[in-house]
Structure formats: structure tokens, C-alpha cells
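Note that the protein sequences, when read in sequence, are chains S and Z.
Numbering-wise (numbering that gives the first Met the number 0), the first sequence opens with residue 0 and increments by one.
Numbering-wise (numbering that gives the first Met the number 0), the second sequence opens with residue 0 and increments by one.
Just so you know, these hints were derived from the structure itself, not from any lab.
Some clues are possibly wrong.
[Stated by the list, open to error] Ranges between beta-carbon positions, derived for each pair:
1. S53(S) <-> P201(Z): 53 to 59 Å
2. S42(S) <-> I67(Z): 40 to 46 Å
3. T39(Z) <-> M115(S): 26 to 32 Å
4. K18(Z) <-> L259(S): 25 to 31 Å
5. L298(Z) <-> D38(S): 44 to 50 Å
6. L192(S) <-> G64(Z): 36 to 42 Å
7. L237(Z) <-> A52(S): 41 to 47 Å
8. N37(S) <-> L237(Z): 31 to 37 Å
9. A52(S) <-> S63(Z): 44 to 50 Å
10. V68(S) <-> I20(Z): 30 to 36 Å
11. P165(S) <-> L237(Z): 50 to 56 Å
12. L109(S) <-> A74(Z): 57 to 63 Å
13. T39(Z) <-> L192(S): 43 to 49 Å
14. F114(Z) <-> V86(S): 53 to 59 Å
C-beta atoms are modelled at their ideal positions from N, C-alpha and C, and glycine is treated no differently.
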Amino acid sequence: MRAKPILLVAAHRLAILAYIAFALFPLYWLLKVAVTPNDLLYSEGIRMWPSRASLEHFDFVLRHSAFPVFFKNSLIVSGSTAVIVTVLASLSGYALSRFNFRGKYWLVALMLLTQMFPLVMLVAPIFKILSPLGLTNSLTGLVIVYTAFNVPFATFLMQSFFDGIPKDLEEAAMIDGATQFVAFRQIILPLTLPGIAATLGFVFTAAWSELLFSLMLISGNDQATFPVGLLSFVSKFSVDFGQMMAAGVLALIPACLFFLLIQRYLVQGLTAGAVKG
Amino acid sequence: MAYVARQDGLPASRTPLMKRIADGAAPYLYSAPALILIVTVMLVPLALGVSYAFRDIQLLNPFSGAFIGLDHFRALSQDQAFYRALRNTLWWTGASVFLQFLLGLILALLLDKPFYGRGLAQALVFLPWAVPSFLAGLNWSWLFNPVVGPLPHWFYAIGIMSEPTNILSDPQLAMWGPIIANVWWGIPFFAITLLAALQAIPRDLYEAASIDGAGPVQRFLSITLPFLAPTIAITILLRTVWISNFADLIIVMTNGGPADRTQIVASYIFTQAFKRLDFGYASAIALVLLALLLAYSMLIVILRQWLLSKD
């Protein structure tokens with residue numbers, strides 16, 4: 000009678016462990032090859048950990064390659080995109096949350112539409128439009144494109160955060176003589192800080208990960224973002240696995256930081272759902 | 000008379016009118032910046048892209064640009080590479096969605112039970128979700144590479160492969176590379192969504208069912224599945240459309256090769272635009288893809304209506 004539950008529990012834990020191993024193994028391997036010195040890379044092939052670890056690849060990548068430039072470019076593009084999108088989405092999310100207006104239905108429909116068609120359709124026309132404006136091969140061009148792509152989703156996200164704040168707050172402020180915009184800026188926005196942080200994080204990660212448009216729009220090394228730089232590096236120096244993986248580990252850092260940040264909310268949201276149910 | 004009346008009415012009615020206009024304009028002012036950006040950077044290019052499908056637009060050819068009617072579509076109907084991409088898209092999307100869903104559902108069910116260290120386990124298994132897609136693709140292509148990756152050696156050791164080779168360069172197996180990477184990357188999405196739905200199921204239903212003598216399988220079939228069904232349906236529908244457009248992993252891992260065996264429609268469009276700089280032809284394929292996706296969504300909606308009316 001006792002044996003069966005113990006067996007079940009063991010199977011459950013084993014299954015969880017298998018999932019964790021599957022999820023982490025590729026990232027572990029990335030790190031492992033990144034710290035393996037070149038002379039051991041081939042001789043120790045598939046050992047789980049090299050007999051001698053070193054940071055020489057990181058050192059090389061940070062000091063003798065263009066990766067710091069790529070990293071900086073990606074940081075500029077993703078950071079500006081995140082900030083601009085969050086500002087625009089706060090405004091439009093607030094409009095959707097607090098006003099009833101005739102164009103609301105169309106605005107929502109338009110934003111949903113942009114989420115549905117394949118973005119790869121826009122690769123060619125956007126290149127054609129930005130090229131005469133001098134916005135190809137420029138970080139500004141990328142920021143404009145990414146901002147537009149991320150505004151609809153961010154608007155819905157911000158709207159849901161505004162919906163969670165009672166209307167009475169700004170009504171009280173407006174009775175005291177503040178205009179609605181002042182009430183929005185000084186009372187509502189500070190209350191939505193967690194929502195703003197989440198939106199910033201989501202958009203930053205989305206822009207950091209974007210590949211197709213940065214490949215299409217960026218050609219030179221000076222303006223290359225991390226994905227473009229990493230891919231051109233891979234196709235040019237495809238033998239130096241240690242350096243490539245060291246660069247890969249670096250690209251992982253911002254994404255993991257964001258994940259650690261959002262992870263709490265992810266679990267919190269789930270638990271809140273459980274309590275509600 | 001009228002003049003006087005207007006004069007009199009002015010101070011009383013003018014402010015409310017201005018205020019009414021200002022109030023009416025407020026929501027438009029709030030949403031204007033976002034709206035303008037979406038229209039200029041997404042809608043205008045979309046319309047332009049549709050027009051390119053009927054024009055001869057090649058970036059390197061200054062004499063191109065003429066209206067050519069349905070020529071691209073005629074060429075497309077003869078294009079064997081396109082039909083192969085279409086078949087590959089079905090295979091890529093079907094296998095990815097099925098495996099992501101199945102493994103995601105199992106993971107959600109495992110995480111639904113409280114156990115010691117659940118928070119940490121959850122954080123770890125959801126981590127792939129945060130990895131940028133280009134890096135997920137590169138990472139897996141390295142794992143499949145016999146020079147630095149362990150996978151070919153493991154496959155060889157357990158006898159799946161006759162020698163440790165890179166499956167990404169094997170025409171028969173290459174598609175499995177991006178599919179596995181996609182499954183690894185997409186399981187967390189399904190698991191998060193399904194776990195949220197699972198935790199919303201009232202617990203007392205299970206207690207009542209076990210008091211009535213229902214076994215675990217029966218409880219799963221008659222409580223869990225019906226409760227999850229709407230979430231499953233909508234997630235699979237949205238994910239199918241999204242994954243069939245998701246070319247990043249393929250572009251990074253195989254670039255459509257070997258011999259076009261992993262080329263899906265989305266990566267084919269990108270290749271036409273990016274490598275051949277044939278914007279007209281790329282737009283024509285994109286238009287066909289859009290029509291197919293619309294048809295798919297319509298089919299699902301009609302199917303749903305039909306199922307609802309049957310009940």
C-alpha cells in the first residue's frame with residue numbers, strides 16, 4: 000500500500016529533473032565550451048567539464064573583437080526602443096483604459112490586426128521606405144521599426160495594468176482642480192510602476208532578440224546589433240567555437256537578467272490565479 | 000438680432016464647447032503617437048508590400064519597378080521550391096506545435112502539484128523562454144555539431160546513428176534540428192499558459208470526484224481536460240499561426256539547406272528579399288502566405304461554429 004505512492008512521487012521528481020536537465024543542458028554546454036581552452040576543446044570532446052577552465056575566450060572577445068561594439072549597439076537599440084515604446088504605450092493604454100470614444104473599436108481592431116499578419120511580409124517594403132531616408136544601416140531606423148512593432152502588444156499590457164487602478168483616484172485629483180493629464184502623470188503613472196517595469200522588460204527582450212529586420216536593415220559592422228554581429232562572426236570564423244560561445248554567453252546576460260526580474264511576477268501571477276480560482 | 004444673441008451667448012456657451020472639443024479630443028491625443036507610428040511603419044508598408052506583389056521590384060536593377068500584373072503568381076505556380084517550402088511548413092509547424100503542446104501539458108501537470116522546491120524548478124524549466132531565438136538556434140546547431148557538440152556522439156553511442164554526423168547537413172534528418180530547438184524553446188510558453196489554466200480549476204471538484212470513486216485517469220479525462228479545452232484550443236490556434244511564420248531558428252541553423260530541405264515559406268520569403276533582393280517576388284509569396292493563414296483562421300472559426308451548433 001505504501002510502495003505505490005512513494006513510487007509515484009519518485010517518478011514525479013524524476014520527470015521534473017528530466018525537464019530541468021533538458022531545459023538547462025544547452026545553456027550549460029554553451030558555458031562549458033566558452034570556458035574550455037582551445038587546446039582541450041578537441042581532445043576532451045564530450046567531457047562534461049574540461050580538466051582546466053579558463054576565461055581566455057571571454058578575454059579575447061571583450062578585448063580583440065567587435066563584440067563590445069555589437070553589445071553597445073544592441074543595448075542602445077533595445078534600451079531606446081523599450082523607453083519609447085513604454086512612453087507611447089502608457090499614453091495609448093491609458094486612452095483605452097479610461098476613455099470611451101468612437102474610434103476605440105477601430106484602434107483595438109487595428110492593433111490586433113498588426114499582431115496577426117506575418118511580419119516577414121514587411122521586410123522588403125520597410126527596406127524600400129527607409130533606404131531613401133538614410134535610415135537603413137542606422138540604429139535610429141531599427142529603433143523606429145522595433146518601436147512600431149512592439150507598441151500594440153505593450154499598449155494592451157499597459158491597459159491591463161491601468162484597468163487594475165481604481166478610477167476614483169484621478170477623479171478625486173480632478174475635483175481638486177488638476178487636469179486629467181496631470182492626474183495621469185502624477186498619480187496614476189507612479190502607481191503603475193510594476194507594469195511599466197514589466198513593459199520595459201518585455202520590449203527590451205523582444206528588441207534584443209529580433210533577428211530578421213536587423214539582418215536586412217544593417218549591413219556594416221559599426222551599426223551591427225548583437226544577433227547580426229554574432230551571425231556574421233559565425234559565418235566568417237566558424238572554427239573558433241570557444242570565442243563564439245563566449246560571445247553567446249554574453250548575449251544571454253541581459254535576457255537572463257530580465258528573466259530573473261520577471262520570473263517573480265510570473266509565479267506571483269500564477270499563484271494569484273490559483274487563489275482567485 | 001442674431002448678432003446680439005450670439006454676442007450674449009458667447010461667454011456662456013463658448014467655454015463648454017471648447018471644453019467639449021478638448022474632452023472629446025483627449026483620447027485621440029493620448030493614442031495619436033502610437034497610432035501614427037503603427038500606420039506609417041506597419042500599415043503603409045503592408046499596403047506597399049501588397050502592391051509590390053504585382054510589380055517587378057529588384058533592388059539591384061534600377062530599371063525595374065514596372066507593373067507586371069500576375070506574372071509573379073504565374074512564376075510561383077511553377078516554382079517547385081515554393082511547393083517544397085509549403086510542405087516543409089506543414090511538417091515544421093505540425094511537429095513543433097504537437098511536441099511543444101504535449102511536453103508543455105505534461106510539464107504543467109507535473110508543476111501543478113505542490114512539492115518542495117517547486118518555485119526553483121519552475122524558474123529553471125521556464126528559462127529557455129527568455130533565451131533570444133537567434134541564440135537558441137546557434138546553441139542547438141553547436142550541440143548538433145560533432146566537433147563541439149555531444150549529441151551526435153550520444154546518438155552514435157545508443158545506436159541511432161551509424162556514425163557521429165551532423166543531422167543538420169543530412170537532407171533526410173535536417174528538419175529535426177530546428178524542430179527540436181523550437182520545442183526546447185517553446186515548451187515553457189505552453190507550460191506557463193496551461194499551468195495558469197490548471198490552477199484556475201476549483202480543487203473541490205477533484206475531491207468530490209474522488210469521493211465518488213473516480214480514479215486519476217477518469218478525473219483527468221472528465222475534469223481537467225474539459226476545463227483546459229478552451230485554453231488549449233486558443234493557444235494551439237495562435238501558436239500554429241505564429242510558428243508557421245517563425246523563420247529565425249531555420250535561418251540561423253540551416254538557412255533553408257541542405258538542398259532546401261528545411262526551407263519553410265517564411266524563410267523562403269526572407270531569402271528572396273535578403274539574398275536575391277527580389278522584393279517583388281518575395282512580396283508575392285508573402286501575399287500567398289497571408290491568404291493561406293487567413294484561410295486557416297477562417298477554417299478554424301467555421302469549424303468552431305459547426306461544433307458549437309452540433310451540441
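Which numbered hints fail: 2, 3, 4, 5, 6, 8, 9, 10, 11, 12, 13 and 14
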